[in-house]
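Protein chains in written order, with the working numbering: chain G, 1 to 626; chain P, 1 to 626.
Hints are computed from structural coordinates only; laboratory data are not their basis. There are no misleading hints in this set.
Identical chains share a label here; the pair holds if one copy fits it or two copies do between them.
Cut-off 30 Å, straight-line C-alpha distance, at most; resulting in silico cross-link-like pairs (DSSO-like, lysine-lysine):
(1) Lys417 / Lys626
(2) Lys588 / Lys143
(3) Lys149 / Lys588
(4) Lys152 / Lys121
(5) Lys42 / Lys489
(6) Lys626 / Lys464
Below are the chains, spelled out letter by letter.
Protein chains: 2
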Amino acid sequence: MELRLTSDEVITLKEKEVIYSALKRSGIYLTASCGGKGTCGKCKVKIIKGSCNVISYGKLTQKERESNIVLACQAIPEGDILIEIPKESRLAIGDKIAIARTKDLVHYLKSYGVDINPAVKRLYLELPPPTIDDNISDLERLKRSLNEKGLKDMRFSYGFVSTMADTLRIANWNVELTYIRGDDTRYEAIFLSPIDTCNRRFGLAVDIGTTTVVVYLANLLTGEIIDIGSTYNSQMRYGDDVITRIVHATESNGLDELRDAVVSDINTIVDSLMARHSIQSCEIDAATISGNTTMSHIFWGLNPGSIREEPYIPTLNRFPEWRGGTARLSINPQSPVYTVPCVASYVGGDIVAGVLASKMHRNSEIALFMDIGTNGEIAIGNNEWLMTAACSMGPCFEGSGIRCGMRATSGAIESVKIDPHTYEPSISVISGGHPMGICGSGMIDAISEMFLTGLIDQKGKLVKAKTERIREGEDGLEFVLYSDLTHHKDIVLTEVDIENIIRAKAALYAGIKTLLTEVGLTTDAIEKVYIAGGFGNYINIKKAIILGMLLDMPEERFVFMGNTSITGAYLCLMSEELRREAEDIASKMTYIELSVYRSFMDEYMSALFLPHTDMSQFPTVTGMLK
Amino acid sequence: MELRLTSDEVITLKEKEVIYSALKRSGIYLTASCGGKGTCGKCKVKIIKGSCNVISYGKLTQKERESNIVLACQAIPEGDILIEIPKESRLAIGDKIAIARTKDLVHYLKSYGVDINPAVKRLYLELPPPTIDDNISDLERLKRSLNEKGLKDMRFSYGFVSTMADTLRIANWNVELTYIRGDDTRYEAIFLSPIDTCNRRFGLAVDIGTTTVVVYLANLLTGEIIDIGSTYNSQMRYGDDVITRIVHATESNGLDELRDAVVSDINTIVDSLMARHSIQSCEIDAATISGNTTMSHIFWGLNPGSIREEPYIPTLNRFPEWRGGTARLSINPQSPVYTVPCVASYVGGDIVAGVLASKMHRNSEIALFMDIGTNGEIAIGNNEWLMTAACSMGPCFEGSGIRCGMRATSGAIESVKIDPHTYEPSISVISGGHPMGICGSGMIDAISEMFLTGLIDQKGKLVKAKTERIREGEDGLEFVLYSDLTHHKDIVLTEVDIENIIRAKAALYAGIKTLLTEVGLTTDAIEKVYIAGGFGNYINIKKAIILGMLLDMPEERFVFMGNTSITGAYLCLMSEELRREAEDIASKMTYIELSVYRSFMDEYMSALFLPHTDMSQFPTVTGMLK
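Put together the whole structure using the sequences plus the hints.
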């Protein structure tokens, strides 16, 4: 019995196994904040062929049921089956990504030439029990043994000392000391535990995205990913993008609300992962957090207010390794929580993690790393130098500020083709059915197709005479992508929308060009382009080039990396050496504040065309237009 | 208008001033946990001559009112007045003590040849405000300025970082950094504040006694004691002595109860001191705690369980300088709380503080330091060496285990004289009136008088024929000190009582002798005897020698030191150098566990006589008996 995916992957099914588990066994993780109980309604899959025994439809609408959508955790295939996984159900780990599968992560880690060597270490200690002749205090006894092992001047926190005496006696003086090297060179004791015969040690890698929170539960001894959890970042209820969240954080109690939201998101996942694998919170020795600078600040309860105001100053970029209790995580309160270092207000730990995951800092070839979202963060460099900048693209690719814009969820138009003769668009909708709006990848497709077919000119203006689908709307001219006669709601792209999208792509392109100019290089120097982020995975490279959003270069130079933030967090969790590399990347990266560069404004103005004022930068597109 | 004390001190009164305030102005502090509001009923004084306008009698009994007792905080003298301050109303700062008055403490501090130099320091910093060209993070900006001032590698806690950004901006980048050198050599940032024009800095010295808690509020800039507060240690509700408290601590929730009790005692005092002097908790930069090892453990919420069980191991003797928030003190949560280091389970920070306060560690003459309470802690040595031990004396001098025993409070017989011919005792009672029991100093007086007059023999056995006051009681023979015909309650000392007291004095004497033998010295080598502790102040030296409790040496060699625990805490608060001296004392002191010394048992057996089996050790007493 086989489970076949529309992406051509085949998974052998076990008897009476739900689809969710079968996928997970193969390293394909669906979003499921309830942990597979059928209550969150997030693990939707579409049955293309074959049938399932459905335990429960949960929150699915009648319409979804009619479209053969089921909850993967509630559907047991009744034979060979072919399914499609909608984008919104998948964790931000795509098909085409370089580090696709979590089961490959251990190999990927080893490809750095490092061993599994978490910064958090354990040491077995057999202390001589105290006697009347050897009656030094417990702490002195511990220090004496550590001195004998060459670990001098260890630092002991209050939390450590307050439970030490009992543990020593319960353990009959044979203990395991968990410790770490602090942000200075001194060691810090983390906690003491009786010598553990089951020899289990776990760690968490956490990616705090503005939109999604992803958690990897890893075995610290083997590097293996035991399980994954993810959910939307509940901070969304206070605003979609980083800027509105910062504004909310500066309002009374806002920071607490935002912090509580994301921490409880993480804890909900962690609690369910622990329950599922019978892991105690005290067995989680360490956590590594990766997020943009604002997310990192909010996670730690630090006011991000000044990140938003010129001159854009974060409280800190290098976070000391504070403890689980301080972070309010439901792990051992003594466990260290490492934050991947940030570079500047708009280049955060997620980008440092991304560069680490791309290995561009290790190679001599010059590469470009980009993470496209509300902000387009870019980094250029190699093993000798690294430059970075953030381009404020606005939230249009996430659906905001676009009349019919929406996120890449059910009902979003995700790709568009336009017939060059009839100008009739053919669309594909996430989860199928009637479209409810258009998401980022759909916008890129639509505009590049409209440009290629001559429906818009180089400035993005609609050419009215071409088709009746171009009409006068509330905001001026608009193109009707889809007419919904039943609901009287048409899906359109207006000239204002197109202008917004062009501004966004121009900002990204101008940022890349400015960085290149700053280091005296031309586009040709770039040998690899690493595209990170969930959105990035679904971009059609060719169409993004036509739009003038990406550099016009051979498609094979582009590498989709998926969620590099979580990959980097995992690498920092599992290897002290790679953590040091992340620190090096952060200090090596020269941050360019684009807004103060006159050349950036010039580049930006030149890029406000399709694909660009200077067509010589887009030879392929020039060719297509001919 | 004058206020005259029975101890011959004279204080000039201000118009309409209550006695409590007049005394305080002169550095005489009464116990008053309510801070002078008339509600706690503790600041009792007796008017011997003159009259007062009494605002309220508060909790005073009819009997007390008839004895001319008033509450000092509620009584305004109407002219010249002569008062007596009962012992229990005074804070443990006696008349005869070497470091008598808090107003002399600054001079005493300076007599060490050190300046006022608290370990907690402040530094003025004018940071350049960030600009778009100088846009490093707040923490990097702060570190850069510190580097320029030579303060490299400072450590920043979460609490510091979490409030830093706002403070920097409120203060317009001109700030005061409060910092300290950690227990390693690295500096630690404590907190940041806007530059303070009123230039106020305060600190707390706290003595956590098993019975009493005393707090000094000090000006950190001048060393001046601004005010004092004290109260009974509410842990008493869980047991009178250290051992019963340890037992309670090991019961469920017991440790929390004990910790809460003492911390809220301290906080009640601190809150009232702050309110009285209009001081904010954030202005208190530091606190220093001194207490025995068990009190220090409980204060920090550390289980003292193993202190009680052989081989008597504390969790730690050197306490890291944890913060006010961790200590749960109502001061700035970032402020460091220093704990005077302990030596062993039964020689605590109070003894280290006492040795520091005695200066014996600085002089070449060999001195003996003793703190007499439930445990008699002793230290012998000079500027080259120090030995220490604890003698388990039992709680008899604090009234426990003695049929009519009581603490030194109202109604206790505090001194006794016995007519050598009639054997009639004349007694003096604290606060006057009918006696309700006998306290430690009364016991010493009574037994030495009984011995001198032949009412008891060398073994402490009552000689029945001598007087009708010796009679057969429930526990065997007893001596009637006072017959209360009205209440049918006689105050007696039984043979069992006398045995207990002899055992206690023998333990102390044997401890001293064992320590001397251990270092190969004889009694003559001791040039000074420093007696610390509240009880110590009221001992009649001559009578204690007759009892065989103190070494038979000229009275002028004995120095009453009062509460040296709080004095030492104050010295450590005001001077980094003296704090280091305290650390040196603690590491220099060789602790002797008396219970394992065979010679201690021999000494103890020999001391179970009055004054001693070996009369040659007590030439003065031998003379008296002749």
